[in-house]
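Work out the full structure, taking the sequences as your base and the hints as a guide.
Residue numbers (this note's numbering), protein chains in the order written: chain A, -12 to 519; chain B, -6 to 806; chain C, 4 to 514; chain D, 56 to 160.
Derived by calculation from the structure, the hints in this document are not laboratory data.
Using 20 Å as the maximum straight-line C-alpha spacing, the simulated PhoX-like pairs for lysine-lysine come out as follows:
#1 B:Lys177 - A:Lys329
#2 B:Lys681 - B:Lys414
#3 A:Lys329 - A:Lys467
#4 B:Lys689 - B:Lys414
#5 B:Lys419 - B:Lys681
#6 B:Lys702 - B:Lys689
#7 A:Lys467 - B:Lys177
#8 B:Lys177 - B:Lys702
#9 A:Lys304 - B:Lys214
A few chain C residues that don't get close to chain B, going by computed Cβ distances all over 12 Å:
#10 Val33
#11 Pro67
#12 Arg153
For every residue, glycine included, the Cβ atom is placed at its ideal position computed from N, Cα and C.
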Amino acid sequence: MDHPTTSTLLTWMTFLPLAGAALILPVLALRAGGALSKAAGDQICRLIALVASGAVLVLGWYLWRAFDPQNPALQFVQHGRWITAYNIEYFVGVDGISITLVMLTALISFIATIASMPWWPGNAHLDGHHFTQHGVPGYMAMLLILQTGMTGVFVSMDLFLFYVFWEVMLLPMYFLIGIWGGARKEYAAIKFFLYTLAGSVLMLLAIIGLYFYGPQEVVDGRLTHTFNMLKMAQWGRAGGYLAAPLIGSFHFINLAWIAFFIGFAVKIPMFPFHTWLPDAHVEAPTPISVILAGVLLKMGIYGILRINFAILPQATKWAAPAMAVFGTINIVYAAFVCLAQKDLKRMIAYSSVSHMGFCLLGMSAFTQQGIDGAVLNLWTHGLISPMLFLIVGVIYDRAHHRNIEGFGGLAQQVPEYAGLLGLAFFASLGLPGLCGFVSEFTVFLGSLVTWQTLTIISALSVIITAAYYLWAIQRMMLGKLNPTYATLPDVNWRERLTLYPLGALIIVFGFYPQAIFTLIEGSLRNLILPLQ
Amino acid sequence: MEPNENIARAVEVSWLWLIPFFPLLGSAINVAVGHRLQKLYGKRAVHFIAVGVMLASCVVTEVVFWKHMFGAEPSQRFLEDHLWTMWQSGSLRVNLSFGIDPLGMMMTFIVTHVATLIHVYSTGYMADEPDYWRFFTWLNLFVFSMLLLVMGSNFLVMFFGWEGVGLCSYGLIAFWYTDVEKAKAGLKAFVVNRFGDFGFVIGLFILFWSLSGIWNPQTNKYEHQHVAYVTAQGVTVGPTVEFRELRNQVSDESTGMAERLKGMTFWGFPLLALVCILFFVGATGKSAQIPLYVWLPDAMAGPTPVSALIHAATMVTAGVYMVARLNFLFALSPPAMTVVAVVGVLTALFAASIGFFQYDIKKVLAYSTVSQLGFMFIGVGVGAYWAGVFHLMTHAFFKACLFLGSGSVILACHHEQDMRKMGGLKSYTPITRWTYLAACWAIAGFPWASGFYSKDEILWKAWTAENLTAPWIGPAIYIVGAIAALGTSFYMFRSYYMTFTGEYRGGHGHEDKERLEDPHAMAAHAHAGAITHGVPDGAPAAHAAASTVAHQHDESHGAMSTPAQAHDEHKVEVAAATAAAHGHDDGAHGDAHAHGGVPHESPNSMTYVLALLAFAAVVAGFVFGWPAAWAGGHEPVLEHFLAPSLPAAEHVRFAEPGHATEFLFQFFGLAIAALGWAGARALYLDNKSTVPARLKEMFPRAWSVVFNKYYVDELYQATVVRGSLIVARISYFIDQNLIDGLVNFMGFLGRAVAYLDAAIDTYIVDGAVNGLASLTWNSGKQLRRIQTGHIQSYLFGALGGAIVFVIIQYVIR
Amino acid sequence: MDNITSLKLFWPESVLTVATLAMFIQDLLVRRSPRRELVLTVGALFWLGLTAAALAITPAGNVPLFGGLLQHDPFRIFFGWLFLGAALLTILIVPKSQQISPARLGEFFGLLFALLLGMFLMASATDLLMIYLSVETVSLVSYVLTGFHRHDRKANEAALKYVIYGGVASGVMLYGMSILYGLFATTHLTGDGGIGAQLADVTSRLFLAHAFGGQPAAQLALVVAVVFVLAGVGYKIASVPFHMWCPDVYEGAPTPFTAFLSVGPKAAGFAVAIRFFFAAFERQVPGGGYVAVTELPWPAIIGIISAITMTLGNLTAIVQTNLKRLLAYSSIAHAGYLLMGLAAASTEGVRSILIYLIGYVLMNVGAFLVVIAVSRHTGGEDIRDFRGLGTKAPLAAIALTIFLFSLTGIPPFAGFAGKYLIFAAVVQRGGFWFVLLAVIGVVNSAVSLFYYARIIKAMFLEDALDERAMSVPAIYTGVLVALAVPVMVLGIYWQPMIRWATNAFGGGFAL
Amino acid sequence: MTSIGLPHFLIVGAALFALGMVTVVTRRNAVGILMGVELILNAANVNFIAFNHYVAAPGSLTGQVFSIFVIVLAAAEAAIGLAIVLAIYQTFKTIDVQETDLLKE
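Below, the structure written as structure tokens:
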């Protein structure tokens, strides 16, 4: 078995949260037994979640330090038998494509956990219905399981393992939105669940197809297929899948590509599969929106890179124009939709749709800059959009509504909040000096050589983006203070703890994005080599 | 081979970063603790920091100049300071590095020094501003961004500054954001500039790729040719965003890059023209040229020092600076140069014509700025780069002076901006009056003030230009430009006479819109609000309430009944406002000027600055630009100094008609200025003449068209803004009803089928047994039908199914 | 193999026969005892244990019994264990279910053993006669158990429907068998001279002549016969269009029995179907694979049936509010999934069916168990009775959630393993139609989430109707845990299931 | 001069089968339906006997045995069926027929 185990770090990062979730069960038992008061139980659960995700964050830091950017191959590999009959393995590792996302997951999960804590002063406004107040053990358990699922998706190098994590992620998300969500939570939750599942079942078939038409190897004397993504990638680059029989009158690789792409496009989310996102975001509690926007959306792009690009390069070439067109539609269309929004959170949700379009456009150009920008955009958007949703959360906790036009003149009542909001908004509209700009610029630079018209159309969206963000600022923050909010409290410590780190990172990576580029560039170069 | 003097070699100066760093530091300090400082130690602390860092950065600039620039070899005047590589992706490498060449040096000088002066001025002008610290934070941040723009050694750093100044101008225009109109002006400025930035960035992309490949004219596909390599001369040829590397590989013939670029096309357009025009689009945004000038007049909503610094002296000249910086590209493309020059001259005339009839003194200056920028673009357009830059410098002095003067006037007239409500100020505000007059003298182009030299140099170069697409264009530009110059002279003196001569016509209350610009008034309104909201009478109650709601400057607008009443409250409450709301003395002149009384001269912090600028406006001309014609062929100091930065200057051809002609044209210039002055004097001196009124009577429509700025704003509003909003609504409708609707419809379909199926099952089955049961007892006739029907259908269902399968099987094989 | 030696390998059935009688006798003996409930349960468990022991000691092998009426092979053993498991769960559930009065518990157990006997025979029958007999045995006992509550009108309605459907279906099957007998002059499926053997060697096609005039007619007759037999089997596994009895019977029958009915006879039906088709129409090639021996397109027909079955089952389930009906339709849908495995007509397909059945027994019985627990408390089985279960009985709610997600086929639950393998088997066949079938399958499993999630939503996302605390018997809690844990473990690590299935089918032996 | 042959028996069997089906799907009486089922079973019996005579190897009794088994099972089935009908009688007699719609959502 090649790729021998070199480190168990990733396994720790993946399953530590699950262990935390398991730790919550005895707490429940104690509480049921009456040994613990409800409040005490809740506190312990919160503490467990905080410690677990914090520990993962520390490991993530170590991962970053120990990762060797010079080596484009897989690192921190752990390899084990799982289901030998079908040669399914437990096979995890990171390379340049996934390293940033693993770190991002650790970071965002931790911030989301903090955002789920009602501990700090100035939280008097959190009543019993607030998501931090009821069903705490369940909430924390779900949060931790979700983190395991997300990390697992990014580290698993065995296609079957990947699929399992991919699905595992859905369940906690469903409950987190459905139980702790807003007014139309059931609708949003089921919509999210059905959309994603519908996408992923097709993916399952494609996975089976890749397995049967894929490379074979001898394991304990038995000739068998493999789910090993790396071997599949080699096989795919060598054109192995072209030999697969026609299905009806279609080439297998194209059908498989489409099946995967739809599965991932739902997650991105790509027009026209994006309508679950606004609902999910609007109804989800703030930390969950943070995770949704910060990590979940990234999985679509990651999957496309990891599977469609790496394993089915020929089909990727074939489909590149479609990707570019859809990317452009995402960018421009969603930007316009944002312009029409009255609900702040909905606007930001759509802006995520628009920004994920950059990734599609950049990837489809098959240039170093394009794909670098796309992957960097995962990181930058992963920092910015969580901040945006936290910003929304702050105001929603206080005003209990998100109607942009229902505010006005808040800047003089809550200057600090206004400043942070401005930072987040300008970062998102791509102001140079903040990290959003770097990815946008690099994507456009890279995509121009391949898609001139589309790039220019997409680049026009920066104007729309500026328009809707500044307009929102004007309607919420500027003008006469709406007397209703004459006593609105400014951000409290919980919110500072979540907002300031993100803000700082946004600025740091605005001036030194190279820290990310060094990590990703090597692997991405190899990735697009067969595509150019 | 001997080193080619066209090749610029960098001199590492590792501390250039200090220049932008100090302002950044200042704004960082003020944003972090400025609010507290202001509370604890008063506004002095705040502006001590702000002005201090500006002085520091001035000092560094001076040191750089005297140590490295002054008297250094032309090839030694390219100072660079490489901090770190921001990012690198494929052939793209973006450094955070600063570079100062003579051109940059000059701009850095202007920025740091003028900015410092204006900081000082602001300490007086903004003395009553409650959010003092916020103002200086923005101002420092602006200087930082502007320095990035000027000193950036590559497109990216320049663009960082480019957008940074946009941000700061947004923040400063909307500084008094409680007035939605001002907020909207800020938004407008930023969004309009985004159009320009879009062009800038696209141009950069195309240029970048063109350096290492070609755009196949047949397929429009990009074809990669070579990666970066280094010539024997040490010139890096290949994709780059560094100005110096770009300049070298373009201006060094041995690389053949210039020829390559000339030969290339993009979508059938000549590539260079396209790229340069796209860059120029960026310039039109920043420098308020047609068609993107609309934001600048609205930008006057900002405090006057801001207008002086950002919207006259520095930021708006960024476009000109950029074109001059890229002279080696523009020089290669006559079409592009022609576009620049023509747009410039048209803007000059257009803006001047609007300037004629404005009554708001700052609006007049705004349009004059637009028009002067037009002149600068004529200069860089026709290839007289140094002349354009020279006008940029002189303009920085006299326009800043004019704006600050107007600020002083506005303050004097209690935040009155309408010139019809001024007049006769020369007796009340002598210093302001003299400085303003000097600046008018300069801008109108009377010798020996600076405007004369720069403007005439530009127009003269326009007349003799030969590098344009057609020979007649140069003269045409000259004529139009001359008319614009005439206009300039006219409306500037008009503003002077309306403001300073005749009887004082103001002094009784102001209209709502101006009030908001007045910090006192804002503070006062808090109290008005407090009164009208809180207890309706009794000063002490007012004060109590005041201290609580002191920050809501705008509460009162709805409640304010008449201006007069407002004004009275105004007087009463000022002291309380400053005292109760921000319980400390107001530095420069706490309540020095009670309102509603006679006009008053401004405090020293402002008048000194005015004097300095006026002096510069007068002398800068002949110090830096003494014409070669007068000096027996010695090229002017500035031209000589800038030469290394403007390698293209020697390639651009001009006619040499000889000195006599040049003197003649200089006389024309003088005549034009004099004519304008005479006209203005005749019509507006002491407000005696009734001609303007009668003219207005005669051509009401024409007048209103011009007065309303040719309805361009309305046009944009109706087309661009409305258009995009409509598109937005449509898209959202599609999203909600079509796409999501489709999904829901599918869901509905599924359920419908389900219900149908369920119904069949239920009814057949239940019906069957009910019928059966019923029948088994009382052979109820009424149920017979049901029963038979049911049993038939359900067993037939099964049987029919079986038979169908038989058939299918038979068919399949 | 002669009958005496056959008996050696016939231990489990023998024990079950005795057990049936013994339960009735014991019922008579302890009629007066106050602790009869306990005694009877223990007795039942004892006999079940004895059967298990018998099954365990039965030597492995692959031999025809009783002159080819039955076949003793690992396939049969596998199903034997499956049935025993289902029976064990039922026996554990019944006493506390409050649906079978203690007075008639012995009767119930007795009949249950009889049913078990029939199923054992179904799993090993290789002769048309034996198939018919065993199917009838199971049916007859099922009628009785369905109408177990003599005074419950629902039960009676259900029983009546069951009888009529069953009677007609078995009659049709019998008629088909008679035609087969006419065509092949034998009722043996296997062995030399058996139907399979005759179909396998082309030369003996002459037999067709003397029955009917020539090939085509004979072929049609064959098709008709097969379809008629299929009707009988389809009715047992409740596949469209022979499914209509299913919801009513499930609703009318006592729930513990419904639980058993939904897994036991269904599994047995699949055992028969697999044997019938693979013994008659497929030939095993070295290495365990199977190849078709006729051009009879039975996989296609099964594929069509499965597509329709799962689609109708899922769509209909969406609008159900009574949980027993809902699970009935869901079980119809699952029959559809299982038929996909059969349609693959390959070793992998059958193995996937077997593996799916393991998971299916666990999760379906588990789901019904929670239904029983809830109806003990609320007296109803409507979805609204499940509101707020998450707070009233968290453990039951979590267990049910696991079962439902497993039924949906989401990892990491056992249901996913089975479903994955079925899809894999179908896709492996390749070709447009099989891929289409697979697509229909996966889309269906996405749709199924819709109604399963409704229950979960009711349990966790909606508030309870009343605040009465709900008590779940300790035994139920135990069983739930005992079911939920393997569902998860087998979902993550299904290596063992694969091993069992591989032993059971397509090994070195033919059916 | 045609002698009675296999086809005649088969036709009789088929006729019985058809009759049985028709009875089942048209009769309104539960008992009648059960009779229909009996017909179907006996149709199969006829086939078995006939095939045993004409097709099967001489001396083989499979068909005969099969039919005997069928008769036995038919009896058992009839018994159970009637018992259930009886149960229905008992339960439903007491109640108004209109209200006997139980198995429905």
